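Enquirer: Work out the full structure: start from the sequences and follow the hints.
Chains as they are written, first to last, in the UniProt record's numbering: chain A, 1 to 594; chain B, 1 to 594.
Hints were generated in silico from the structure; no laboratory data involved.
Remember, it's a predicted structure, so these values are computed and weren't measured experimentally.
It cannot be assumed that every hint is accurate.
Said to hold, decoys possible - Lysine-lysine pairs mimicking DSS-like chemistry, simulated, CA-CA at most 25 Å apart:
| id | chain 1 | residue 1 | chain 2 | residue 2 |
| --- | --- | --- | --- | --- |
| 1 | A | LYS113 | B | LYS558 |
| 2 | B | LYS238 | B | LYS64 |
| 3 | A | LYS137 | A | LYS342 |
| 4 | B | LYS64 | B | LYS225 |
| 5 | B | LYS64 | B | LYS113 |
| 6 | A | LYS342 | A | LYS319 |
| 7 | A | LYS558 | B | LYS558 |
| 8 | A | LYS547 | B | LYS547 |
| 9 | A | LYS558 | A | LYS547 |
2 protein chains.
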Amino acid sequence: MAKLLRVNMTDLSVRFEEVPEKYALLGGRGLTSSIIYDEVPPLCHPLGPDNKLIIAPGIVSGTKAPTSGRTSFGGKSPLTGGIKESNAGGLSSQKIARLGIKAIIVEGQPREKDRFYVLKVDKDGARLLPADHLKGKGMYETCDLLWKEHGEGVAIIGIGPAGEMRMAAAGICVNDMENTAGRYAGRGGLGAVMGSKGLKAIVIDDRGGPGVEIKNPELFERGIKKLTQASLTHDVTKKGGALNTYGTNVLVNIMNEAGGYPTRNFSSGRFELASQISGETKAEIIHKRNGEGMTGHPCHPGCIIQCSDRWANPDGTFKVSVMEYESVWALGANCGIGDLDKIADLIWLCNDIGVDTIEMGDTLAVAMEAGLLAFGDADTAIRLLNEEVRHGTPLGRILGNGCVFTGRAFGVTRVPAVKGQGMPAYEPRAVKGIGVTYATSTMGADHTAGYTIAPEILGVGGKADPFAVQKADLSRAFQATTAFIDSTGYCLFDAFCVLDIPEGFEGMVESCAGVLGVNWTTQDAIRLGYEIIRKERLFNEAAGFTKAHDRLPDFMTKEPLPPHNTVFDVPPEELDAVYDFSKWPKEVVGEVAA
Amino acid sequence: MAKLLRVNMTDLSVRFEEVPEKYALLGGRGLTSSIIYDEVPPLCHPLGPDNKLIIAPGIVSGTKAPTSGRTSFGGKSPLTGGIKESNAGGLSSQKIARLGIKAIIVEGQPREKDRFYVLKVDKDGARLLPADHLKGKGMYETCDLLWKEHGEGVAIIGIGPAGEMRMAAAGICVNDMENTAGRYAGRGGLGAVMGSKGLKAIVIDDRGGPGVEIKNPELFERGIKKLTQASLTHDVTKKGGALNTYGTNVLVNIMNEAGGYPTRNFSSGRFELASQISGETKAEIIHKRNGEGMTGHPCHPGCIIQCSDRWANPDGTFKVSVMEYESVWALGANCGIGDLDKIADLIWLCNDIGVDTIEMGDTLAVAMEAGLLAFGDADTAIRLLNEEVRHGTPLGRILGNGCVFTGRAFGVTRVPAVKGQGMPAYEPRAVKGIGVTYATSTMGADHTAGYTIAPEILGVGGKADPFAVQKADLSRAFQATTAFIDSTGYCLFDAFCVLDIPEGFEGMVESCAGVLGVNWTTQDAIRLGYEIIRKERLFNEAAGFTKAHDRLPDFMTKEPLPPHNTVFDVPPEELDAVYDFSKWPKEVVGEVAA
Numbered sequence: 001m002a003k004l005l006r007v008n009m010t011d012l013s014v015r016f017e018e019v020p021e022k023y024a025l026l027g028g029r030g031l032t033s034s035i036i037y038d039e040v041p042p043l044c045h046p047l048g049p050d051n052k053l054i055i056a057p058g059i060v061s062g063t064k065a066p067t068s069g070r071t072s073f074g075g076k077s078p079l080t081g082g083i084k085e086s087n088a089g090g091l092s093s094q095k096i097a098r099l100g101i102k103a104i105i106v107e108g109q110p111r112e113k114d115r116f117y118v119l120k121v122d123k124d125g126a127r128l129l130p131a132d133h134l135k136g137k138g139m140y141e142t143c144d145l146l147w148k149e150h151g152e153g154v155a156i157i158g159i160g161p162a163g164e165m166r167m168a169a170a171g172i173c174v175n176d177m178e179n180t181a182g183r184y185a186g187r188g189g190l191g192a193v194m195g196s197k198g199l200k201a202i203v204i205d206d207r208g209g210p211g212v213e214i215k216n217p218e219l220f221e222r223g224i225k226k227l228t229q230a231s232l233t234h235d236v237t238k239k240g241g242a243l244n245t246y247g248t249n250v251l252v253n254i255m256n257e258a259g260g261y262p263t264r265n266f267s268s269g270r271f272e273l274a275s276q277i278s279g280e281t282k283a284e285i286i287h288k289r290n291g292e293g294m295t296g297h298p299c300h301p302g303c304i305i306q307c308s309d310r311w312a313n314p315d316g317t318f319k320v321s322v323m324e325y326e327s328v329w330a331l332g333a334n335c336g337i338g339d340l341d342k343i344a345d346l347i348w349l350c351n352d353i354g355v356d357t358i359e360m361g362d363t364l365a366v367a368m369e370a371g372l373l374a375f376g377d378a379d380t381a382i383r384l385l386n387e388e389v390r391h392g393t394p395l396g397r398i399l400g401n402g403c404v405f406t407g408r409a410f411g412v413t414r415v416p417a418v419k420g421q422g423m424p425a426y427e428p429r430a431v432k433g434i435g436v437t438y439a440t441s442t443m444g445a446d447h448t449a450g451y452t453i454a455p456e457i458l459g460v461g462g463k464a465d466p467f468a469v470q471k472a473d474l475s476r477a478f479q480a481t482t483a484f485i486d487s488t489g490y491c492l493f494d495a496f497c498v499l500d501i502p503e504g505f506e507g508m509v510e511s512c513a514g515v516l517g518v519n520w521t522t523q524d525a526i527r528l529g530y531e532i533i534r535k536e537r538l539f540n541e542a543a544g545f546t547k548a549h550d551r552l553p554d555f556m557t558k559e560p561l562p563p564h565n566t567v568f569d570v571p572p573e574e575l576d577a578v579y580d581f582s583k584w585p586k587e588v589v590g591e592v593a594a
Numbered sequence: 001m002a003k004l005l006r007v008n009m010t011d012l013s014v015r016f017e018e019v020p021e022k023y024a025l026l027g028g029r030g031l032t033s034s035i036i037y038d039e040v041p042p043l044c045h046p047l048g049p050d051n052k053l054i055i056a057p058g059i060v061s062g063t064k065a066p067t068s069g070r071t072s073f074g075g076k077s078p079l080t081g082g083i084k085e086s087n088a089g090g091l092s093s094q095k096i097a098r099l100g101i102k103a104i105i106v107e108g109q110p111r112e113k114d115r116f117y118v119l120k121v122d123k124d125g126a127r128l129l130p131a132d133h134l135k136g137k138g139m140y141e142t143c144d145l146l147w148k149e150h151g152e153g154v155a156i157i158g159i160g161p162a163g164e165m166r167m168a169a170a171g172i173c174v175n176d177m178e179n180t181a182g183r184y185a186g187r188g189g190l191g192a193v194m195g196s197k198g199l200k201a202i203v204i205d206d207r208g209g210p211g212v213e214i215k216n217p218e219l220f221e222r223g224i225k226k227l228t229q230a231s232l233t234h235d236v237t238k239k240g241g242a243l244n245t246y247g248t249n250v251l252v253n254i255m256n257e258a259g260g261y262p263t264r265n266f267s268s269g270r271f272e273l274a275s276q277i278s279g280e281t282k283a284e285i286i287h288k289r290n291g292e293g294m295t296g297h298p299c300h301p302g303c304i305i306q307c308s309d310r311w312a313n314p315d316g317t318f319k320v321s322v323m324e325y326e327s328v329w330a331l332g333a334n335c336g337i338g339d340l341d342k343i344a345d346l347i348w349l350c351n352d353i354g355v356d357t358i359e360m361g362d363t364l365a366v367a368m369e370a371g372l373l374a375f376g377d378a379d380t381a382i383r384l385l386n387e388e389v390r391h392g393t394p395l396g397r398i399l400g401n402g403c404v405f406t407g408r409a410f411g412v413t414r415v416p417a418v419k420g421q422g423m424p425a426y427e428p429r430a431v432k433g434i435g436v437t438y439a440t441s442t443m444g445a446d447h448t449a450g451y452t453i454a455p456e457i458l459g460v461g462g463k464a465d466p467f468a469v470q471k472a473d474l475s476r477a478f479q480a481t482t483a484f485i486d487s488t489g490y491c492l493f494d495a496f497c498v499l500d501i502p503e504g505f506e507g508m509v510e511s512c513a514g515v516l517g518v519n520w521t522t523q524d525a526i527r528l529g530y531e532i533i534r535k536e537r538l539f540n541e542a543a544g545f546t547k548a549h550d551r552l553p554d555f556m557t558k559e560p561l562p563p564h565n566t567v568f569d570v571p572p573e574e575l576d577a578v579y580d581f582s583k584w585p586k587e588v589v590g591e592v593a594a
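Expert: Dropping the structure here:
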């Protein structure tokens with residue numbers, strides 16, 4: 001039977017606990033959000049002893065289910081002040097699951113300030129080791145040292161100096177198969193929560209672990225077969241498809257064409273240098289410098305989509321993984337930077353220092369708006385990250401706390417954020433549905449929380465007019481479905497195929513049901529999704545959030561965005577309808593478990 | 001008939017308007033909060049063009065009513081995100097009123113960034129003048145230059161460099177009769193709002209103005225006679241009484257004795273150096289250095305309480321006015337500083353740079369907690385203000401944005417603030433009622449919003465046990481009555497005598513009724529107070545505030561405070577009762593005017 005691992009950082013003790021009945025069918029985000037809902041006081045200080053960091057693999061993680069290596073990280077966010085789940089690929093999910101651990105709960109806070117520890121978890125149990133030698137080190141060196149100490153192949157979850165300094169833009173890093181630091185649960189400042197617990201890293205060695213029990217192997221096998229079939233068939237997810245060939249950055253040209261590619265702190269929807277940083281250009285350069293195998297790369301074992309890549313320096317040596325769409329946008333177009341090598345430098349720095357690339361790109365652009373540096377000035381941006389943020393100078397602490405914080409420090413009012421979290425790479429004035437998700441999601445401005453870009457721009461999962469403002473039902477449905485997928489361990493990119501191929505979604509649900517030994521329908525899965533977002537919403541309400549926080553920043557409702565010259569004009573009532581529980585579809589809404 | 005003066009900073013136009021019927025009986029805070037409620041979108045950015053800065057003298061300001069020179073400043077606060085009224089003494093209130101102006105409404109925002117203007121108001125009207133020569137200048141020099149330009153004796157309302165830089169701790173300064181910068185509407189960052197409007201200063205020359213119309217002179221005369229009688233009789237307010245002899249700083253020994261004098265970032269309720277900075281010591285030093293007349297000084301013409309003072313350097317030259325209890329505490333005990341000359345240096349710097357002394361004291365103490373400087377290190381504190389905050393360096397911008405901002409920059413969780421605003425000089429763990437006011441006031445942590453210290457510590461207005469937790473009714477009653485007094489133009493210190501002497505309160509109300517030509521009872525006055533705080537609360541709710549924001553910081557409910565070793569244990573339900581409209585006393589609650 002899987003266990004919960006509870007780590008108390010106040011008395012430095014670890015304890016394995018039985019999984020309470022109510023958590024038996026949960027995993028990933030469903031589990032992290034439920035534990036937060038049950039155990040974290042909504043009004044606690046996010047960096048105080050009462051907040052908790054919850055780490056949970058998904059329902060099928062650790063099995064042979066394809067593309068199922070996501071680890072969910074949860075806590076009360078120091079960036080938003082609300083509930084937060086952020087998930088990442090890399091090695092950790094499968095290994096935690098195979099050790100028979102359903103979630104790791106890190107609570108309390110060391111009495112000694114600025115002491116750091118490593119949590120080692122293996123078949124023999126768990127223990128806290130001193131980590132004084134890792135203090136202040138970047139994530140690349142941290143990963144190197146931990147593989148030397150604990151053996152090649154172990155999974156590493158860690159924070160860079162930004163997390164140690166409890167900066168609200170700090171993320172949590174997971175290493176990948178090459179032990180590269182670059183898979184990030186970046187959003188919401190959970191790295192600062194980990195830092196506030198005095199935890200520099202978690203090392204997971206699953207050798208000799210019991211593995212994941214599959215209660216109904218037949219159902220499970222049927223499920224993964226259907227899901228695999230869908231994934232290998234769909235144009236977006238198949239081998240040689242868009243994601244596999246160009247990575248997520250394939251979206252640059254598409255979003256730029258749609259006029260929804262935020263440029264220079266969200267002052268235009270089109271970037272004149274887009275072709276220099278597109279997925280196509282990126283793949284071409286990687287192939288030229290580094291060889292063919294360096295795109296279409298998996299971020300964790302068993303991924304069949306393989307959208308990652310390994311960027312190379314001009315001399316062909318490895319630089320950084322991964323040149324993700326969001327990261328290239330944030331540190332590229334949004335800062336007016338059109339040079340992939342400079343962007344790669346900035347991504348490397350974010351990965352090493354341990355800050356979210358999206359938040360940092362938004363932040364640098366706000367700093368540009370404030371006049372601290374010019375749009376397009378990559379060299380100063382690099383200096384700011386490497387000298388200021390890394391070392392926690394006063395300016396570094398401003399930037400390291402994100403774009404809202406930076407805007408306030410410098411009196412900038414054009415700050416693209418919701419609930420304190422910077423916006424990702426889709427312009428809500430050009431794609432209204434994603435604006436509804438940004439505004440209303442329990443997570444703050446977050447594209448992954450309800451990716452309506454699929455029907456609005458990509459023609460996946462139906463078609464929706466990006467400029468139409470009636471998007472409450474669409475965004476809500478995406479938010480609920482996403483909450484389910486985030487609970488499975490499956491990569492959200494599986495959504496692309498399951499949105500269009502019903503058997504794919506059936507397969508996804510059956511594979512989960514097979515592991516758990518239940519008879520879930522797809523409707524049951526969606527009901528679970530609604531349960532999760534409802535719980536998250538209730539937590540946020542108790543933490544002080546109201547409809548007033550479900551709004552985009554002032555300037556987006558007033559300042560027309562080129563090239564379409566549209567404002568964000570979704571009516572407040574439409575936004576309010578997303579979390580008006582009375583308007584939720586009766587057939588899929590269950591009661592929130594106690 | 002009095003007018004509204006509307007100043008549009010976008011097109012740099014000014015316009016006099018008739019006073020709408022609904023504002024006819026309002027003044028001061030009642031008027032600023034009503035105009036905000038009616039005209040400011042609750043979700044606007046506090047530093048954007050949709051916020052407004054409202055300036056209003058009280059109902060009796062500009063008449064011969066004693067001690068009635070308070071000017072109310074209002075807007076959406078950049079510090080709290082909610083509605084804000086902050087009032088100050090000095091010259092402005094009477095002069096605005098005597099020019100026949102009921103309120104000045106400053107709206108819009110200059111299109112050109114970092115251009116500043118002076119608004120000149122006199123009997124011939126109002127106009128905007130360029131203020132490029134004043135940019136970056138401290139308030140002392142600004143006052144000097146403006147008297148040279150516009151004549152001695154004119155009233156000046158202005159901001160220092162902090163307001164120009166839109167720092168959230170920036171206050172609005174009013175000069176006094178000696179043209180000293182030191183009367184501050186300090187709280188809530190309204191100086192940043194003024195800065196965001198491109199307004200460096202307002203000059204008011206009332207010579208030749210029409211004066212204030214008194215509709216029922218007989219009633220007015222009767223009223224001020226009764227109020228004067230009460231003021232001259234009560235031990236706190238009379239000539240030679242506590243306030244007149246020692247100034248507000250008379251409270252040091254009292255609060256220290258009560259164990260409620262917050263020390264070293266609210267880590268103790270008693271300061272071992274209190275006697276060095278007490279009101280008694282202060283008065284003794286002033287008399288020795290500067291002569292007898294330099295305590296018991298009025299802050300505006302016609303004040304009969306005269307609680308101000310003029311601190312001198314060791315050589316007898318004038319240093320700063322005023323050594324207020326809150327300022328001496330904030331930059332003294334709360335920072336572990338026990339030297340009045342150093343404290344005077346810090347107060348002078350706050351006045352010159354244009355930041356709130358309370359917020360800045362809280363901020364420096366949080367910086368001390370973060371390890372940036374040691375508790376008690378006055379010289380570094382002086383350097384931080386003079387070199388960092390004044391010049392808007394990155395560290396200066398952190399500090400200039402207040403204690404919550406500074407806490408977040410440096411990962412400090414012990415931050416004494418409510419709704420973003422730092423706490424004043426009364427420990428809520430030792431005096432529970434004031435904690436209820438801090439928690440629930442529409443203004444954030446603010447002692448003046450509902451000064452339950454009077455019955456809890458001073459035995460004024462009855463007696464209440466400071467440790468008793470049932471304080472909702474007490475705090476609510478004080479909050480409503482205060483909202484009325486803040487609307488009259490009378491100094492809140494008049495409350496001391498009117499709390500104990502019923503005829504005094506009758507007189508206060510009658511003097512207002514006399515000016516307005518109405519027949520108000522004291523109950524009508526209190527009803528008006530309830531109307532005001534209800535409107536403010538509704539604005540805050542629309543701006544996103546909930547009960548969750550009516551709480552003291554986490555650490556105060558857990559960390560026992562020496563010497564009584566008590567935590568803040570007022571139950572949440574008791575806090576929630578303050579603004580539960582259904583629990584408001586039926587007899588004094590009216591409808592909110594549309």
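Enquirer: Look at each hint and say if it fits the structure.
Expert: Hints and how they fare:
1. A:LYS113 to B:LYS558: Judged against 25 Å, a Cα distance of about 19 Å means the pair holds.
2. B:LYS238 to B:LYS64: holds (18 Å)
3. A:LYS137 to A:LYS342: holds (23 Å)
4. B:LYS64 to B:LYS225: holds (11 Å)
5. B:LYS64 to B:LYS113: Roughly 42 Å separates the two Cα atoms, so the pair is violated.
6. A:LYS342 to A:LYS319: Judged against 25 Å, a Cα distance of about 11 Å means the pair holds.
7. A:LYS558 to B:LYS558: Roughly 45 Å between the alpha carbons, so the hint for A:LYS558 and B:LYS558 is violated.
8. A:LYS547 to B:LYS547: Satisfied, since the Cα-Cα distance of roughly 14 Å is no more than 25 Å.
9. A:LYS558 to A:LYS547: Holds, because 20 Å separates the two Cα atoms, which is no more than 25 Å.
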